[in-house]
Amino acid sequence: MKRLLVTIALTVPCLALLALTALHVSPESFVPGADVELLLEIAEGGTDISGVDVQYRLVGSTVWQAEPMRQDDPASTYWRGIIPRTAVSTNDVEYRFEFRLSNGAAGYLPADDGITPLYVLKLNAPKGSLNDGFVLISDDSSISADDGYVLAVSYLALAEDVDPKSIRVFVGDRDVTSQTQFSESVLMYREDRPQDGIKKAMITAKVKGADVYSPTWITQILPGSKKPALPFTYRGSVNFAANVYGVSDKDKVFSDPDDDYSTWADLYGSYGIADMQANLLVSSLEDKNSQPVNRYTFGVKIPLLDVFFGDYSPSLSQFTLSGKNIRGLYGKFHTRFLELTWAHGESVRKTEYMASASPTGLSTFKQEAIAARIQFGNDQSFRLGITGARHRDIRSSLGEAYYSYSDAKGDTVYTVRPQDNAVISLDMQLNVPDQHFLAGFEIAGSMLNTNTLPGAISVEEMEDYGLDNEFAGIEVDPEDYADLFIINTNMEPFVPSMANVAWNAYVRMYFWNNFLNLQYNETGSAFNSMGTFGNQRDTRVLSITDQFSFGRFITISGGYSTTEDNLMEHKSETNTYQNIFASAILRIPNMPYVKASFNDNRGENKQNTDIEDSSFDPITSNAQNMSFGIGYNIVQIPHVPTQLDISYRFGGNNVKRTIPDSYTSDNGNSGIGFTMNNRFNMIPLTTLVSYSTSTNKDDLSSKENKSNSLYLKADYAIWENRIKPYVSYRNTGLSGDQEAQSYNYINFGVESYPIRNMTVTADLGMKTYKNDDDSSKDYDTTTFRLLLNQRF
Amino acid sequence: MKRILLISVILLLATALLADSVAILSASKGKVSLERALKNLKFKNGELLQNKDVLRTGAESFAAYKYIDASSMIKLFSNSVVTVNASKEGGKLSKKVNVTKGSILTQVKKGSGTFTVQTPTTVASVKGTEFLTKVDDDGFSTFTVTDGEVELRVLETDEVQLVGKGKTGIVSPDGGIRVRVSSADDLDEIQKAELESAQNEEREPIIVPVLDDAGNRKLIEIHY
Numbered sequence: 000m001k002r003l004l005v006t007i008a009l010t011v012p013c014l015a016l017l018a019l020t021a022l023h024v025s026p027e028s029f030v031p032g033a034d035v036e037l038l039l040e041i042a043e044g045g046t047d048i049s050g051v052d053v054q055y056r057l058v059g060s061t062v063w064q065a066e067p068m069r070q071d072d073p074a075s076t077y078w079r080g081i082i083p084r085t086a087v088s089t090n091d092v093e094y095r096f097e098f099r100l101s102n103g104a105a106g107y108l109p110a111d112d113g114i115t116p117l118y119v120l121k122l123n124a125p126k127g128s129l130n131d132g133f134v135l136i137s138d139d140s141s142i143s144a145d146d147g148y149v150l151a152v153s154y155l156a157l158a159e160d161v162d163p164k165s166i167r168v169f170v171g172d173r174d175v176t177s178q179t180q181f182s183e184s185v186l187m188y189r190e191d192r193p194q195d196g197i198k199k200a201m202i203t204a205k206v207k208g209a210d211v212y213s214p215t216w217i218t219q220i221l222p223g224s225k226k227p228a229l230p231f232t233y234r235g236s237v238n239f240a241a242n243v244y245g246v247s248d249k250d251k252v253f254s255d256p257d258d259d260y261s262t263w264a265d266l267y268g269s270y271g272i273a274d275m276q277a278n279l280l281v282s283s284l285e286d287k288n289s290q291p292v293n294r295y296t297f298g299v300k301i302p303l304l305d306v307f308f309g310d311y312s313p314s315l316s317q318f319t320l321s322g323k324n325i326r327g328l329y330g331k332f333h334t335r336f337l338e339l340t341w342a343h344g345e346s347v348r349k350t351e352y353m354a355s356a357s358p359t360g361l362s363t364f365k366q367e368a369i370a371a372r373i374q375f376g377n378d379q380s381f382r383l384g385i386t387g388a389r390h391r392d393i394r395s396s397l398g399e400a401y402y403s404y405s406d407a408k409g410d411t412v413y414t415v416r417p418q419d420n421a422v423i424s425l426d427m428q429l430n431v432p433d434q435h436f437l438a439g440f441e442i443a444g445s446m447l448n449t450n451t452l453p454g455a456i457s458v459e460e461m462e463d464y465g466l467d468n469e470f471a472g473i474e475v476d477p478e479d480y481a482d483l484f485i486i487n488t489n490m491e492p493f494v495p496s497m498a499n500v501a502w503n504a505y506v507r508m509y510f511w512n513n514f515l516n517l518q519y520n521e522t523g524s525a526f527n528s529m530g531t532f533g534n535q536r537d538t539r540v541l542s543i544t545d546q547f548s549f550g551r552f553i554t555i556s557g558g559y560s561t562t563e564d565n566l567m568e569h570k571s572e573t574n575t576y577q578n579i580f581a582s583a584i585l586r587i588p589n590m591p592y593v594k595a596s597f598n599d600n601r602g603e604n605k606q607n608t609d610i611e612d613s614s615f616d617p618i619t620s621n622a623q624n625m626s627f628g629i630g631y632n633i634v635q636i637p638h639v640p641t642q643l644d645i646s647y648r649f650g651g652n653n654v655k656r657t658i659p660d661s662y663t664s665d666n667g668n669s670g671i672g673f674t675m676n677n678r679f680n681m682i683p684l685t686t687l688v689s690y691s692t693s694t695n696k697d698d699l700s701s702k703e704n705k706s707n708s709l710y711l712k713a714d715y716a717i718w719e720n721r722i723k724p725y726v727s728y729r730n731t732g733l734s735g736d737q738e739a740q741s742y743n744y745i746n747f748g749v750e751s752y753p754i755r756n757m758t759v760t761a762d763l764g765m766k767t768y769k770n771d772d773d774s775s776k777d778y779d780t781t782t783f784r785l786l787l788n789q790r791f
Numbered sequence: 000m001k002r003i004l005l006i007s008v009i010l011l012l013a014t015a016l017l018a019d020s021v022a023i024l025s026a027s028k029g030k031v032s033l034e035r036a037l038k039n040l041k042f043k044n045g046e047l048l049q050n051k052d053v054l055r056t057g058a059e060s061f062a063a064y065k066y067i068d069a070s071s072m073i074k075l076f077s078n079s080v081v082t083v084n085a086s087k088e089g090g091k092l093s094k095k096v097n098v099t100k101g102s103i104l105t106q107v108k109k110g111s112g113t114f115t116v117q118t119p120t121t122v123a124s125v126k127g128t129e130f131l132t133k134v135d136d137d138g139f140s141t142f143t144v145t146d147g148e149v150e151l152r153v154l155e156t157d158e159v160q161l162v163g164k165g166k167t168g169i170v171s172p173d174g175g176i177r178v179r180v181s182s183a184d185d186l187d188e189i190q191k192a193e194l195e196s197a198q199n200e201e202r203e204p205i206i207v208p209v210l211d212d213a214g215n216r217k218l219i220e221i222h223y
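In the order they appear, the protein sequences are chains A and B.
In case it helps, numbering that gives the first Met the number 0 puts the first sequence at residues 0 to 791.
In case it helps, numbering that gives the first Met the number 0 puts the second sequence at residues 0 to 223.
Keep in mind that a hint or two might mislead.
To be verified - Cross-link-like lysine to any residue pairs, in silico, SDA-like; alpha carbons within 25 Å at most: (1) K712(A) x T685(A); (2) K331(A) x S269(A); (3) K126(B) x D137(B); (4) K87(B) x T179(A); (5) K199(A) x S165(A); (6) K766(A) x R721(A); (7) K109(B) x P214(A); (8) K191(B) x D137(B); (9) K91(B) x L157(A); (10) K28(B) x Y725(A); (11) K43(B) x V175(A); (12) K702(A) x D660(A); (13) K28(B) x P222(A); (14) K91(B) x V206(A); (15) K30(B) x D146(A); (16) K191(B) x S77(B); (17) K199(A) x T115(B).
What the hints assert, rightly or not - Ranges of calculated distance between the beta carbons of each label pair, as one might list FRET restraints: (18) D137(B) x Y233(A): 45 to 51 Å; (19) F297(A) x L37(B): 52 to 58 Å; (20) E59(B) x E36(A): 54 to 60 Å; (21) K126(A) x E158(B): 55 to 61 Å; (22) K164(B) x I197(A): 38 to 44 Å; (23) D145(A) x G57(B): 20 to 26 Å; (24) E36(A) x L40(B): 57 to 63 Å; (25) E59(B) x G208(A): 19 to 25 Å; (26) K164(B) x D145(A): 49 to 55 Å; (27) K164(B) x P637(A): 51 to 57 Å.
I should point out that these hints are in silico values taken from the structure, not numbers from a laboratory.
Because the structure is a prediction, the values reported are computed rather than measured.
Beta carbons are placed, not taken as given, at the ideal position from N, Cα and C, and that holds for glycine.
Construct the entire structure; sequences and hints are all you get.
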């Protein structure tokens, strides 16, 4: 088990199910009082990403906090993010990346599979030098929680040289400087009721203008015998954001967004045995006919019970309810041998409404969502679970104009119909932690009613359709069960079959430094689950991935997946897709890291001989991409430590007809990505240069399109890092056999930290679009953003 | 006006110097009081002590404090009265312990600033030493050295005597000084005092939290 907990510093996984290849070299450590900067490269599948968050928490905590990552520019493969300095003190921090795809699906790096370890950051020496002038005078290395925790440090020998304002005290998971009592040459921090466990403490300061830091002092706090005083510990933030837009010519932009304002607050606390969280988001973008933007959540966890009110995204099982937001009540009673879960509330379904015969816009059907699960056993050994979920469109939630219109004859035409969906599943999982082995299986069946407007079918109608209403000798009237599920002639399919079934099986194991993951998935053509994302109907998918790590030096990932549709053989042709990927990162301490990735995608269609189709057109498609990269944190450059990353990628794709033997498309592409981050030692200046170029060549038409993107950013901290003005410039140019166009962005902004734990960011952005071939398309936009963030 | 300003500045500086912390109270059991500027203070372990602070221990009580240069530990046994003194000299701390009554055990590391223990009759200067100081009700000051060497200077006569390891120096109320080999009773007295301070501690079990393979938190209790 211990080996599983070893930090995987280099991870090159392919998020196979999300078709993403992401490369990340973990910094492995953090420095108290400084943001942890993270760089992520999406080598494959970047265009499908709608957003990436870095999620972090203290090791041992169960609550994730998130910071959004930013792409250098829309064409760049680089994403940047930070774990804020307020989140790191002296305790270990673990983190992962959450990817959100445009189709609503989400995934994690490292994979959230119960066996791949998270990235872990450990305390590192801060910048500057170790100074033994800080002397611990409260030197009990082991205390009882009853006695209280005292950190008393003398800096007598440094008293005349240290800048008292520069002293910062870090204890456990936070900066406690403001709670520390200072005298001329001694400081003291006290916690009357500390939590038992290991507590680390450290001090940083400036002595004669140079950065110094103290040794790290470790104290073991043993559980006290006194009754806990139930201290309420809390952390969180209150935020406000405003976006104000200006457009030079509204007709020339794809969208003219309204100004928007939002405020949100997050509170995480614990009181004795109870952990609680409260989240609130209110936005001016809220529209009852669109996807909800406002969010509110209140949750409490005590040892046997979790209860959440408001917005929550429970995951009961893969096929029934997984990751989809429900606004209502969620409760889970859990013991070592039995788990009962209940979720009931409102969910939403995106719909396309029509005011005439053609699609007009998007709207949202509210749904009543109910899900329940009973589970025997637990994740650490064996578990068996039965889950049921139902999603029913609430007819009254949608205005009439959004689901019907009157045609020329004055007849009402229904364009969106309320639906009813039910899924029931059985799952089991065996986990043998000692053998690092995990295997599981889930099978689910679904029912979908595509139009509940007519109500449940009557017994008489059933007889008209020749259906028997007697099951196992019991007469059943669907109208009696309409509250549970509406059965009528709009059932899809009318009579349940294997097409309504989906199942998967997986085996995950760790052996000889390998994390192996095998997964097989079959989804019937009529399987529908409105509580999940990304279930691709009528397909079978086999996926094998492996990640090999050798210490912190090398990680190699590889995998193979094959997808085949037409599972029920109802269609005249069957499409198969195969993907092979491999990637590696090599990092030798104090040397540059080297990375490479390879992706091969092949697809073909085959005729279903059972169905005669003269229009069958056999084609094959191929796409290959390779990338190589090198990166280094060049600390040897005097006064300007520089983080550098360069990558080169190339590949091609084509679609080929086999009868006659000809290409319908044949493209080649290549590109270079370059990013350089400089942190000047002598002055508080940070610069960023990011450049990417790509060329796409169509070999059939000999047309070549080029894209170049340059991003420059500089920030300069003043007034003891409390104000950080910055300026950034981005230029994206498109050239070649396409309209010559350029996008220029200039941003001026300031980040300020006026009071403790408060950040105020103001940003003015100006975008200029120029079309060299058609100047009538030119336009300018301005965007002003304001963000206030107060953490506590 | 200038004089008022000057006096105000001097007073402020003096107050700041007085208010500077020179030691930390690292342990206290039983009846222990802390007096500052003639007022008894409420305190907890870890309290920062200032110049002229007076520590008193009652019957079956114990206290210990450490100077901020971490060079010395002073343990006060039952029925003792001590005044904490220190001053900064060239980045080092010059420490002085005034013992009016009772027994204290002093442990001083070598290489730190000057360290003296003063009783009503004697000043003991030490460098890297462990010794017991006792002032009894009859006014006798006794210094039992278990490690290093102590230089005793009688206040009334300015007579100086060195007391080495394993020896005991006794100064009478009239200034008479006598050095002899420490008797078993002298050493027993240290052990007795240490034992008494230890017995005052509640022997609670040590509870060590551990995680089992399944990640469940378990507690191991160690009784001793």
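Note to self: For K191(B) and D137(B), compute the direct alpha-carbon distance and say whether it is at most 25 Å.
What the structure shows: holds (21 Å)
Next item on the list: Take a quick look at whether K109(B) and P214(A) sit within 25 Å of each other, Cα to Cα.
Entry: It holds: about 22 Å lies between the C-alpha atoms, which stays within 25 Å.
Check: In this structure, is the beta-carbon distance linking D145(A) and G57(B) contained in 20 to 26 Å?
Finding: holds (22 Å)
Margin query: Is 54 to 60 Å respected by the C-beta to C-beta distance linking E59(B) and E36(A)?
Written below: holds (58 Å)
Note to self: Tell me if the straight-line CA distance from K199(A) to S165(A) falls inside 25 Å.
What the structure shows: holds (20 Å)
Next item on the list: Starting from K30(B), check that the Cα of D146(A) is at most 25 Å away, please.
Entry: With a Cα-Cα distance of about 17 Å, the restraint between K30(B) and D146(A) holds, given a limit of 25 Å.
Next item on the list: With a cut-off of 25 Å on the C-alpha distance, tell me whether K91(B) and L157(A) pass.
Entry: holds (10 Å)
Check: When you take the CB atoms of K164(B) and I197(A), is the distance between them in 38 to 44 Å?
Finding: holds (39 Å)
Check: For the pair supplied as a hint, K331(A) and S269(A), is the alpha-carbon distance within the 25 Å limit?
Finding: holds (18 Å)
Note to self: Holds or violated: K28(B) and P222(A), Cα atoms, limit 25 Å.
What the structure shows: holds (20 Å)
Margin query: Given the hint of 55 to 61 Å, is the C-beta distance from K126(A) to E158(B) inside that range or not?
Written below: holds (57 Å)
Check: Taking 25 Å as the top limit, are the C-alpha atoms of K43(B) and V175(A) close enough?
Finding: holds (20 Å)
Of the numbered hints stated above, those contradicted by the structure are hints 3, 6, 10, 17, 18, 24, 25, 26, listed in ascending order.
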